[in-house]
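Number of protein chains: 2
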Amino acid sequence: MRILDTKSFSVPGFKAWGIHCGIKKTDKKDLTLIYSDRDAAMAGVFTKNRVKAACVQLDAAKAKSGKGQVIVANSGCANACTGKRGLADARATADIAARELGVNPASVYVASTGVIGEFLPLQKLEAGIVTAAGLLSPAGWEQAAEAIMTTDLYPKLSIVQEEIGGKIVTVAGIAKGSGMIHPDMATMLCFVMTDVNIASPLLKKCLLSSVETSFNSITVDGDTSTNDMILCMANGAAENKRIAAGSKEQKKFQACLDSVTRSLARQVVRDGEGATKFVEIVVRGAKNPAEAKRAAVTVAKSSLVKTALFGEDANWGRIMAALGYSGVDMDESRTDISIGKAKLVEKGLGQGKAADREAALALKQREVQITIDLHKGKAEATIWTCDLSNEYIKINAAYRS
Amino acid sequence: MRILDTKSFSVPGFKAWGIHCGIKKTDKKDLTLIYSDRDAAMAGVFTKNRVKAACVQLDAAKAKSGKGQVIVANSGCANACTGKRGLADARATADIAARELGVNPASVYVASTGVIGEFLPLQKLEAGIVTAAGLLSPAGWEQAAEAIMTTDLYPKLSIVQEEIGGKIVTVAGIAKGSGMIHPDMATMLCFVMTDVNIASPLLKKCLLSSVETSFNSITVDGDTSTNDMILCMANGAAENKRIAAGSKEQKKFQACLDSVTRSLARQVVRDGEGATKFVEIVVRGAKNPAEAKRAAVTVAKSSLVKTALFGEDANWGRIMAALGYSGVDMDESRTDISIGKAKLVEKGLGQGKAADREAALALKQREVQITIDLHKGKAEATIWTCDLSNEYIKINAAYRS
Numbered sequence: 002m003r004i005l006d007t008k009s010f011s012v013p014g015f016k017a018w019g020i021h022c023g024i025k026k027t028d029k030k031d032l033t034l035i036y037s038d039r040d041a042a043m044a045g046v047f048t049k050n051r052v053k054a055a056c057v058q059l060d061a062a063k064a065k066s067g068k069g070q071v072i073v074a075n076s077g078c079a080n081a082c083t084g085k086r087g088l089a090d091a092r093a094t095a096d097i098a099a100r101e102l103g104v105n106p107a108s109v110y111v112a113s114t115g116v117i118g119e120f121l122p123l124q125k126l127e128a129g130i131v132t133a134a135g136l137l138s139p140a141g142w143e144q145a146a147e148a149i150m151t152t153d154l155y156p157k158l159s160i161v162q163e164e165i166g167g168k169i170v171t172v173a174g175i176a177k178g179s180g181m182i183h184p185d186m187a188t189m190l191c192f193v194m195t196d197v198n199i200a201s202p203l204l205k206k207c208l209l210s211s212v213e214t215s216f217n218s219i220t221v222d223g224d225t226s227t228n229d230m231i232l233c234m235a236n237g238a239a240e241n242k243r244i245a246a247g248s249k250e251q252k253k254f255q256a257c258l259d260s261v262t263r264s265l266a267r268q269v270v271r272d273g274e275g276a277t278k279f280v281e282i283v284v285r286g287a288k289n290p291a292e293a294k295r296a297a298v299t300v301a302k303s304s305l306v307k308t309a310l311f312g313e314d315a316n317w318g319r320i321m322a323a324l325g326y327s328g329v330d331m332d333e334s335r336t337d338i339s340i341g342k343a344k345l346v347e348k349g350l351g352q353g354k355a356a357d358r359e360a361a362l363a364l365k366q367r368e369v370q371i372t373i374d375l376h377k378g379k380a381e382a383t384i385w386t387c388d389l390s391n392e393y394i395k396i397n398a399a400y401r402s
Numbered sequence: 002m003r004i005l006d007t008k009s010f011s012v013p014g015f016k017a018w019g020i021h022c023g024i025k026k027t028d029k030k031d032l033t034l035i036y037s038d039r040d041a042a043m044a045g046v047f048t049k050n051r052v053k054a055a056c057v058q059l060d061a062a063k064a065k066s067g068k069g070q071v072i073v074a075n076s077g078c079a080n081a082c083t084g085k086r087g088l089a090d091a092r093a094t095a096d097i098a099a100r101e102l103g104v105n106p107a108s109v110y111v112a113s114t115g116v117i118g119e120f121l122p123l124q125k126l127e128a129g130i131v132t133a134a135g136l137l138s139p140a141g142w143e144q145a146a147e148a149i150m151t152t153d154l155y156p157k158l159s160i161v162q163e164e165i166g167g168k169i170v171t172v173a174g175i176a177k178g179s180g181m182i183h184p185d186m187a188t189m190l191c192f193v194m195t196d197v198n199i200a201s202p203l204l205k206k207c208l209l210s211s212v213e214t215s216f217n218s219i220t221v222d223g224d225t226s227t228n229d230m231i232l233c234m235a236n237g238a239a240e241n242k243r244i245a246a247g248s249k250e251q252k253k254f255q256a257c258l259d260s261v262t263r264s265l266a267r268q269v270v271r272d273g274e275g276a277t278k279f280v281e282i283v284v285r286g287a288k289n290p291a292e293a294k295r296a297a298v299t300v301a302k303s304s305l306v307k308t309a310l311f312g313e314d315a316n317w318g319r320i321m322a323a324l325g326y327s328g329v330d331m332d333e334s335r336t337d338i339s340i341g342k343a344k345l346v347e348k349g350l351g352q353g354k355a356a357d358r359e360a361a362l363a364l365k366q367r368e369v370q371i372t373i374d375l376h377k378g379k380a381e382a383t384i385w386t387c388d389l390s391n392e393y394i395k396i397n398a399a400y401r402s
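Protein chains in written order, with my numbering: chain A, 2 to 402; chain B, 2 to 402.
It is worth saying that the hints were derived from the structure and are not from the lab. Some hints could be false.
Copies of the same chain look alike in the list, so a pair counts if it works inside one copy or between any two.
[Stated by the list, open to error] The calculated lysine to any residue pairs, modelled on SDA-like cross-linking and capped at a C-alpha distance of 25 Å, are: (1) K365 x E392; (2) K25 x R358; (3) K8 x Q268; (4) K395 x R271; (5) K253 x D40; (6) K395 x L154; (7) K348 x P122; (8) K49 x D337; (9) K65 x P202; (10) K395 x T152; (11) K85 x K348; (12) K365 x L88.
With the hints as extra help, turn the sequences into a complete structure.
Written out as structure tokens, the structure reads:
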């Protein structure tokens with residue numbers, strides 16, 4: 002597998018573009034169009050929030066067909082909690098794009114992100130789709146990635162290539178994240194495009210597996226959104242022999258998909274609202290994988306741990322306290338905690354000032370690793386998160402103004 | 002029931018005092034002593050965190066006797082995650098107090114709050130206990146309440162009187178809170194003193210019921226601590242006829258206890274770290290009480306909701322999103338949301354700019370009420386919380402320095 006520079010982002014058979022159509026009050030881009038020049042296999046993962054935006058309801062139904070050709074995404078308005086009118090607006094958006102691109106409306110998927118409870122400005126969207134359709138380009142991915150941003154500071158892209166079945170296959174994705182990032186939802190917006198030839202049931206299986214170790218392993222603020230989705234389109238333009246289930250080709254494709262989703266997930270955390278640090282939390286020695294993940298997520302979500310990280314304070318007591326209320330099987334007197342290479346806690350006891358000083362140095366870095374060993378079993382999990390800073394409060398106190 | 006001014010805080014048969022003994026780096030008080038002049042019935046509720054401080058382990062064992070006479074509490078050092086030495090130090094603290102006050106060590110309860118992972122300075126504690134024992138006073142409660150404070154901005158006291166069985170009975174409590182406040186733990190430190198005559202099993206029953214609607218109904222930052230406990234001592238000095246289970250006297254006492262614990266719980270939230278607003282979240286129309294509470298707690302814990310409250314932004318979409326991921330049975334199209342008297346959402350739909358403006362005015366107040374009706378059943382729950390401000394980050398980023 003070869004990781005490409007995102008500057009040369011391009012996927013055979015796909016075009017994209019992003020523009021400002023007037024949903025956002027500023028002149029920032031707010032409309033993305035992604036187009037496959039042929040029918041593609043489509044798989045989707047959607048938020049588990051019971052309150053689902055219109056686009057999520059619509060796409061989840063469409064995804065059952067396993068087919069798709071177009072994604073139209075807007076930022077600035079979530080079209081969530083908008084009732085029947087919201088659903089009609091999402092359908093109308095798909096119809097407009099279908100008409101402009103000459104495809105079946107059933108092949109058009111809609112995604113939205115932004116403020117909840119406001120209606121889509123359909124006229125602006127229609128004009129925007131017409132314009133964007135005329136600008137679609139094989140090299141338009143930076144624009145596309147920019148136009149789905151909300152509080153993101155930079156666009157998120159990732160692209161890899163691999164030889165599969167004698168053909169060079171490309172797997173590439175764009176994502177937006179920032180706030181409301183938390184495991185066990187379909188997470189923010191992420192669109193993955195590949196020219197591999199694969200049937201949609203197998204594509205869905207690969208996508209679900211990939212999401213588990215990428216978007217379902219990150220947390221920014223513990224909130225899960227109404228609009229999050231990951232869509233993956235495979236249009237077969239690489240003309241490889243269709244990937245067989247359980248084959249080594251499937252493994253290769255899975256590795257490519259994992260690389261792209263993990264890269265995008267890490268970019269989302271790095272760009273977490275107000276984040277000053279990227280934090281990897283590894284829990285080892287848990288009884289089973291679910292407990293390993295639960296322990297890591299609980300530490301990652303703790304406001305007290307996150308503020309201590311922001312303050313570069315090796316306050317391991319807060320980590321221990323979080324493990325204690327995580328609900329997993331743990332025993333203080335067996336637990337080890339390290340920050341960076343500094344072993345702060347062994348068998349539940351602090352290891353003194355030298356370890357504290359070493360940990361304090363590790364905490365000054367932009368990337369921090371916290372390793373916890375529960376010594377209760379053999380399961381392990383890794384969660385990526387960020388610290389909680391003043392900036393998070395500032396961004397979220399004033400989000401709508 | 003009569004609510005007394007805390008300036009005349011006094012409970013027959015009890016004395017207290019608080020001093021600075023040198024645990025805290027500043028000259029602030031850090032040692033509290035509470036003494037009953039006779040053997041008292043004792044009931045305790047302790048943290049559910051698996052990582053329990055030495056004092057919690059010790060007191061939970063002692064509380065099985067249902068008896069007690071002394072509480073010695075320190076702030077500045079939690080004596081948590083301190084292993085065998087920590088347990089020995091907690092025992093030694095009880096022994097010193099027992100010796101100074103001429104009581105059985107089994108009657109002395111120990112409480113600690115502060116930084117985790119550091120050992121108690123026993124010599125300073127010993128000198129402090131000797132000094133405080135000499136200063137014990139029937140009017141020493143303000144000092145006692147001050148000496149258990151950590152990041153609290155003010156001491157928390159509450160006192161009521163009631164005629165029970167022909168006698169005037171006093172129920173009074175002191176508490177400390179601030180960070181790490183969350184339901185389903187025994188919550189921070191709270192000591193309740195009463196001169197009522199009641200057997201300890203019934204006292205425990207009353208205390209558990211009282212905690213459910215007070216300390217288990219508040220959340221500041223979602224973290225639960227290793228040290229939290231509520232101790233309730235009833236010394237019988239009022240000489241009422243011992244309260245019988247199920248009697249109207251029990252109801253009267255329960256009302257007094259509820260008034261004190263609810264007052265202290267509300268004070269804890271009002272003084273939440275960095276809090277600028279006191280927020281009451283009422284969920285109605287839930288399927289059952291557990292779901293009502295879960296929905297209210299999920300909204301109360303959401304960082305996005307809490308920052309919007311700080312920003313005085315009536316961003317009801319975040320409330321709806323939190324309800325959606327709370328896991329309770331809800332249906333967006335049935336849900337109503339009000340802030341103050343402004344009905345922002347009816348049957349899942351925003352009610353327009355006039356309602357937004359009215360809610361914005363309500364959000365400018367120091368006290369805010371959010372009312373949610375799920376229209377799924379008849380159960381109801383109330384949770385008290387505060388907003389999430391820059392100040393919370395500042396306090397918790399620099400807590401140990």
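Hint-by-hint comparison with the structure:
1. K365 x E392: both (18 Å within a copy, 22 Å between copies)
2. K25 x R358: Cα proximity of K25 and R358: across copies only (21 Å, versus 47 Å in one copy).
3. K8 x Q268: For K8 and Q268, the Cα distance is within 25 Å only inside one copy (16 Å; across copies 56 Å).
4. K395 x R271: both (18 Å within a copy, 21 Å between copies)
5. K253 x D40: Within. Shortest intra-copy distance 23 Å satisfies the 25 Å Cα cut-off; inter-copy 74 Å does not.
6. K395 x L154: both (15 Å within a copy, 24 Å between copies)
7. K348 x P122: between (59 Å within a copy, 22 Å between copies)
8. K49 x D337: between (34 Å within a copy, 21 Å between copies)
9. K65 x P202: Only inside one copy: K65 and P202 sit 10 Å apart there, 59 Å across copies, limit 25 Å.
10. K395 x T152: Intra 12 Å, inter 23 Å, cutoff 25 Å: intra and inter.
11. K85 x K348: between (57 Å within a copy, 12 Å between copies)
12. K365 x L88: neither (48 Å within a copy, 34 Å between copies)
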